[in-house]
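> Residue numbers (my numbering), protein chains in the order written: chain A, 1 to 80; chain B, 1 to 80.
Just so you know, these hints were derived from the structure itself, not from any lab.
One or more hints might be untrue.
One copy or two, either will do: identical chains are not told apart, so a pair holds if it fits within one copy or between any two.
[What the hints assert, rightly or not] Cross-link-like lysine to aspartate or glutamate pairs, in silico, EDC-like; alpha carbons within 20 Å at most:
#: 1; residue 1: Lys41; residue 2: Glu77
#: 2; residue 1: Lys5; residue 2: Glu77
#: 3; residue 1: Lys3; residue 2: Asp36
#: 4; residue 1: Lys55; residue 2: Asp36
#: 5; residue 1: Lys3; residue 2: Glu33
#: 6; residue 1: Lys55; residue 2: Glu12
#: 7; residue 1: Lys55; residue 2: Asp16
Protein chains: 2
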Amino acid sequence: MTKVKVYVMYKESILDPQGQAVKMATQKMGFTEISDIRIGKYFEIEVDADVATAKAQVEAISEQLLSNPNMETYHVEIME
Amino acid sequence: MTKVKVYVMYKESILDPQGQAVKMATQKMGFTEISDIRIGKYFEIEVDADVATAKAQVEAISEQLLSNPNMETYHVEIME
Numbered sequence: 001m002t003k004v005k006v007y008v009m010y011k012e013s014i015l016d017p018q019g020q021a022v023k024m025a026t027q028k029m030g031f032t033e034i035s036d037i038r039i040g041k042y043f044e045i046e047v048d049a050d051v052a053t054a055k056a057q058v059e060a061i062s063e064q065l066l067s068n069p070n071m072e073t074y075h076v077e078i079m080e
Numbered sequence: 001m002t003k004v005k006v007y008v009m010y011k012e013s014i015l016d017p018q019g020q021a022v023k024m025a026t027q028k029m030g031f032t033e034i035s036d037i038r039i040g041k042y043f044e045i046e047v048d049a050d051v052a053t054a055k056a057q058v059e060a061i062s063e064q065l066l067s068n069p070n071m072e073t074y075h076v077e078i079m080e
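Using the sequences provided together with the hints, build the complete structure.
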């Protein structure tokens, strides 16, 4: 069994309004040193397969299901 | 400037219906080796402060704003 992490974030060029809203909230709470917040999705996926197969499957899922390739980028990491 | 990552996940004891729905979608796509998917939130936060101050501030924000301590756990990591 292989555990895989996937991060899905907006591309750098895409505005992240949710992140901006949370940043404004932190300013109002007095955390004025916070200069940027970007929010993404995070997936922990368990695959009944070896590391190579698991990575290939999770990359396929990330591309086809978990992210919108027009607006988002994803990053796949094998968990220790 | 310090970059900090925050992961917010449902506690193990809390059902993750969104993760279950995505898992079912992967099964229908033919990825039958996928045995579990849990979905969380992921934050990349930039703080104009040294590492110790940034970590303390981000932990305070995670507790008060980014997570619901009744249902969720968070994990703070300094980015290299």
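> For every hint, state whether the structure bears it out.
Hints, one by one, checked against the model:
1. Lys41 - Glu77: For Lys41 and Glu77, both the intra-copy (14 Å) and inter-copy (16 Å) Cα distances are at most 20 Å.
2. Lys5 - Glu77: So Lys5 and Glu77 pass the 20 Å test inside a copy (5 Å) and across (15 Å) alike.
3. Lys3 - Asp36: The answer is between: 9 Å across copies meets 20 Å, while 30 Å in one copy does not.
4. Lys55 - Asp36: Only across copies: Lys55 and Asp36 sit 15 Å apart there, 31 Å inside one copy, limit 20 Å.
5. Lys3 - Glu33: Classified as between; 12 Å across copies, 35 Å inside a copy.
6. Lys55 - Glu12: neither (25 Å within a copy, 24 Å between copies)
7. Lys55 - Asp16: Cα proximity of Lys55 and Asp16: none, with 28 Å in one copy and 23 Å across.
Violated hints, listed in ascending order, are 6 and 7; each of the other numbered hints is respected by the structure.
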